[in-house]
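Line by line, the protein sequences give chains A, B and C.
Sequential numbering of the first sequence, starting at 1, is according to the working numbering.
Sequential numbering of the second sequence, starting at 1, is according to the working numbering.
Sequential numbering of the third sequence, starting at 1, is according to the working numbering.
Treat each hint with caution, since some may be false.
Computed cross-link-like contacts, SDA-like style, restricted to lysine to any residue with a CA-CA straight-line distance of at most 20 Å [as the list claims (entries may be wrong)]: (1) Lys67/A / Lys145/C; (2) Lys110/A / Gln89/C; (3) Lys50/C / Glu7/A; (4) Lys57/A / Tyr111/A; (5) Lys57/A / Asn192/C; (6) Lys67/A / Ser191/C; (7) Lys124/A / His45/A; (8) Lys83/C / Val137/A; (9) Lys12/B / Leu58/B; (10) Lys50/C / Leu58/B; (11) Lys41/A / Lys124/A; (12) Lys26/C / Arg59/B; (13) Lys67/A / Ser115/A; (14) Lys145/C / Arg77/B; (15) Lys57/A / Ser196/C; (16) Lys110/A / Gly86/C; (17) Lys57/A / Asn195/C; (18) Lys67/A / Asn195/C; (19) Lys145/C / Thr98/B; (20) Lys110/A / Gln194/C; (21) Lys26/C / Thr98/B; (22) Lys83/C / Lys85/B; (23) Lys50/C / Phe97/B; (24) Lys110/A / Pro143/C; (25) Lys85/B / Pro143/C; (26) Lys57/A / Ser191/C; (27) Lys85/B / Ser137/C; (28) Lys145/C / Lys12/B; (29) Lys50/C / Arg111/B; (30) Lys83/C / Asp254/C; (31) Lys110/A / Ser188/C; (32) Lys50/C / Thr98/B; (33) Lys110/A / Val137/A.
Distance windows between CB atoms, simulated [claimed, not checked]: (34) Ala6/B / Leu32/C: 38 to 48 Å; (35) Trp66/B / Glu229/C: 52 to 62 Å; (36) Thr240/C / Leu12/A: 31 to 41 Å; (37) Leu12/A / Pro230/C: 28 to 38 Å.
Simulated from the structure, these hints should not be mistaken for lab results.
In this text, a Cβ means the ideal position worked out from N, Cα and C, and glycines have one as well.
Spelled out, the chains give:
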Amino acid sequence: MRIRTLEIGVGLFLLAGVLALLLLALRVSGLTVDASKDTYKLYAHFDNIAGLTVRAKVTMAGVTIGKVTAIDLDRDTYTGRVTMEIDSSVNNLPSDSTASILTAGLLGEKYIGISVGGEDEVLKDGSTIHDTQSALVLEDLIGKFLMNSVNNKESN
Amino acid sequence: MSADNAYAVELKGVSFYRGTRSIFKNVDIRIPRGKVTGIMGPSGCGKTTLLRLIGAQLRPAEGEIWVNGRNLPTLSRRELFDMRKQMGVLFQSGALFTDLDVFENVAFPLRVHTKLPEEMIRDIVLMKLEAVGLRGAIELMPDELSGGMKRRVALARAIALDPQILMYDEPFVGQDPIAMGVLVRLIRLLNDALGITSIVVSHDLAETASIADYLYVVGDSQVLGQGTPDELMNSDNPRIRQFMQGLADGPVPFHYPAPSYRDDLLGAR
Amino acid sequence: MRKISILERIRLLGRSGIDVIAALGKSTIFLLRVLFGRGGLGNSGELLVKQLYSVGVLSLVIIVVSGIFIGMVLALQGYNILKDYGSEQAVGQMVALTLLRELGPVVTALLFAGRAGSALTAEIGNMKSTEQLSSLSMIGVDPLKYIIAPRLWAGFISLPLLTGIFCVVGIWGGAVVAIDWLGIYEGSYWSNMQNSVSFHEDVLNGLIKSLVFAWVVTWIAVFQGYDCEPTSEGISRATTRTVVYASLAVLGLDFILTALMFGDY
Chain A
1 MRIRTLEIGV GLFLLAGVLA LLLLALRVSG LTVDASKDTY KLYAHFDNIA
51 GLTVRAKVTM AGVTIGKVTA IDLDRDTYTG RVTMEIDSSV NNLPSDSTAS
101 ILTAGLLGEK YIGISVGGED EVLKDGSTIH DTQSALVLED LIGKFLMNSV
151 NNKESN
Chain B
1 MSADNAYAVE LKGVSFYRGT RSIFKNVDIR IPRGKVTGIM GPSGCGKTTL
51 LRLIGAQLRP AEGEIWVNGR NLPTLSRREL FDMRKQMGVL FQSGALFTDL
101 DVFENVAFPL RVHTKLPEEM IRDIVLMKLE AVGLRGAIEL MPDELSGGMK
151 RRVALARAIA LDPQILMYDE PFVGQDPIAM GVLVRLIRLL NDALGITSIV
201 VSHDLAETAS IADYLYVVGD SQVLGQGTPD ELMNSDNPRI RQFMQGLADG
251 PVPFHYPAPS YRDDLLGAR
Chain C
1 MRKISILERI RLLGRSGIDV IAALGKSTIF LLRVLFGRGG LGNSGELLVK
51 QLYSVGVLSL VIIVVSGIFI GMVLALQGYN ILKDYGSEQA VGQMVALTLL
101 RELGPVVTAL LFAGRAGSAL TAEIGNMKST EQLSSLSMIG VDPLKYIIAP
151 RLWAGFISLP LLTGIFCVVG IWGGAVVAID WLGIYEGSYW SNMQNSVSFH
201 EDVLNGLIKS LVFAWVVTWI AVFQGYDCEP TSEGISRATT RTVVYASLAV
251 LGLDFILTAL MFGDY
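Isolated chain A, as found in the complex (with noise of 0.2 Å):
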């Protein structure tokens, strides 16, 4: 009887682990079981990339479609060219779309906004996206600011 309530215990804390790493992939992490997805890859050249970084999200109308997988430096133009993969369902994008990047919130993460283009041509896998929108750099920003009420007093 002792031994039976062993095992009964042992098998408790080994269902218990499982599940608890099971949770930890699911709810916590989000994992989704089709983790293998179907994606088409898309580039951009930005002026400014400013903290975007690797594994943000790429949405259009604010629903996640892809993820950036690589940031570097084009040595040619001299700009940040962006990769991402986006999900293959999405395969109607016109080829004059524009990316841009976005903030959540005031000092939130970066983020890939990508908003429609009117063109019947959609982007294919390999292609780039030539309408892009660098980051918003809060001290350019500040900056500009400060000169236009600058400007606007000498007017007056």
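Keeping the supplied structure of chain A fixed, place chains B and C upon it in accordance with the hints.
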């Protein structure tokens, strides 16, 4: 039967060192088969080491240890484990497995080495426990037993596989007179009834002398003397006499080796 | 007092260095013999279950209680700091990442060393001093297989599971404080967490850490027990050594593993 067979255990020119200190130097000991042999000597002279050498838990630096016609230092690890089935050891503390009850303790060697059915194991365990007079204690845990009872259970475990050689490591230490008397009787009884070769390592003179057929006195990393208890009692070797009669001073000095007392007191700084 | 010359000091230093290397070699040989030595027993499953109970199940209470409290403290502290930046919604993310990457594996391993590791050392040391190990080998059973191996495996299996339980309980404790007490919206606690925690980077790396810690802590514990001087002082010294060495090894290895896993970004 060859002459070799008269002896169950033979040590030939055995030396053993712990670090640089020699415990045994070129020691020859022969244990006659079917008799009770006592190995005596002052504390710390390596009596337990001797048992471990015979039990092949230690390897001698030099020499041969023949047990039942096989030389232990030449055997492989696996063969040694097989050899040990022929030997039983009663350790000083009993060494019962604390997480098993009395029954399981005695059944342990049987479960490990045999594939006997459960009823048979039960019968054998009951027989062995009956032999040491503890059949009633079958469901107790080791920590519910007194020191003497622990040793008797351990004895039952040691004889579970019907060994040919049974070794006792200081069986009388820390026992009350009754428990001591019981053990003395048991050792003699088992030896005669089962035809076992018994080796008793001890420094308790009276008890050992009362059951042993033959005695060895070891000390100073060698054999000081051997013979029947009577022969040794009347030995004219001063060291043996000191040990057998329990004198405080003699060839084994009362004082630990030290520089001159006078110099120490007068302060040679 | 005898004066120690410089040469003597250097000699002693070199000797203690050699001693350390010798101990390392001895314990490695010990580990290899436990894992790969022959002569396993038929009932090893039963032995393992017994050890899983005393190593794993009996550590459960301290792990769960500490997990809850650490999660709650993390949520409280994190909230106070994040509030200044107006991003208290990120509390869930902070609690989860801290627990998964660092505190989960490390604190569980430290608690495990204190609870199960010291008990293992004391138990094996006690078996050694009461000659149970000798008596096993005289019966013809290899104590490395019968006593050491099941304990080693039990530790190896238990610690990662305990780490998982610790993290889940901690995150839950953090949720209780953040949602019920500090009034953070439940949805943002969980969704912020899910968005920022990655299975491969965080959960798996934490698991790898705890696997490494499990080996090291259990190995140290059983070796110290097996190698201890078979007296009561010897056992208590070995128990202390287990806790000290295991804790230092866990913290040191944690730094190395963290540098390897998270160092390059």
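So, going through the hints one by one against the coordinates:
1. Lys67/A / Lys145/C: 51 Å, violated
2. Lys110/A / Gln89/C: 16 Å, holds
3. Lys50/C / Glu7/A: It holds: about 8 Å lies between the C-alpha atoms, which stays within 20 Å.
4. Lys57/A / Tyr111/A: 5 Å, holds
5. Lys57/A / Asn192/C: 13 Å, holds
6. Lys67/A / Ser191/C: 17 Å, holds
7. Lys124/A / His45/A: With Cα atoms ~16 Å apart, Lys124/A and His45/A stay inside 20 Å; holds.
8. Lys83/C / Val137/A: Violated - the C-alpha atoms of Val137/A and Lys83/C are around 23 Å apart, more than 20 Å.
9. Lys12/B / Leu58/B: 16 Å, holds
10. Lys50/C / Leu58/B: Between Lys50/C and Leu58/B the Cα gap is close to 31 Å, so the pair fails against 20 Å, i.e. violated.
11. Lys41/A / Lys124/A: Holds - the C-alpha atoms of Lys124/A and Lys41/A are around 8 Å apart, at most 20 Å.
12. Lys26/C / Arg59/B: 18 Å, holds
13. Lys67/A / Ser115/A: 15 Å, holds
14. Lys145/C / Arg77/B: 14 Å, holds
15. Lys57/A / Ser196/C: The hint holds at about 10 Å.
16. Lys110/A / Gly86/C: The given pair, whose Cα atoms are some 16 Å apart, holds under the 20 Å limit.
17. Lys57/A / Asn195/C: 9 Å, holds
18. Lys67/A / Asn195/C: 12 Å, holds
19. Lys145/C / Thr98/B: 18 Å, holds
20. Lys110/A / Gln194/C: At roughly 17 Å apart (the allowed maximum being 20 Å), Gln194/C and Lys110/A satisfy the hint.
21. Lys26/C / Thr98/B: 28 Å, violated
22. Lys83/C / Lys85/B: 72 Å, violated
23. Lys50/C / Phe97/B: 14 Å, holds
24. Lys110/A / Pro143/C: 59 Å, violated
25. Lys85/B / Pro143/C: Given that 20 Å is the threshold and the Cα spacing comes to 15 Å, the pair holds.
26. Lys57/A / Ser191/C: 14 Å, holds
27. Lys85/B / Ser137/C: 10 Å, holds
28. Lys145/C / Lys12/B: The hint is violated at about 33 Å.
29. Lys50/C / Arg111/B: 18 Å, holds
30. Lys83/C / Asp254/C: Status violated; Cα separation ~30 Å.
31. Lys110/A / Ser188/C: 18 Å, holds
32. Lys50/C / Thr98/B: 14 Å, holds
33. Lys110/A / Val137/A: Holds: Lys110/A and Val137/A sit about 12 Å apart, inside 20 Å.
34. Ala6/B / Leu32/C: 38 to 48 Å: Given a distance of about 43 Å, which is inside 38 to 48 Å, the answer is holds.
35. Trp66/B / Glu229/C: 52 to 62 Å: Violated, since Trp66/B and Glu229/C (Cβ atoms, about 32 Å apart) do not stay within the stated range.
36. Thr240/C / Leu12/A: 31 to 41 Å: Once the Cβ atoms are compared, 33 Å apart, the range 31 to 41 Å for Leu12/A and Thr240/C holds.
37. Leu12/A / Pro230/C: 28 to 38 Å: 36 Å, holds
In this structure, the hints that do not hold are numbers 1, 8, 10, 21, 22, 24, 28, 30 and 35, in rising order.
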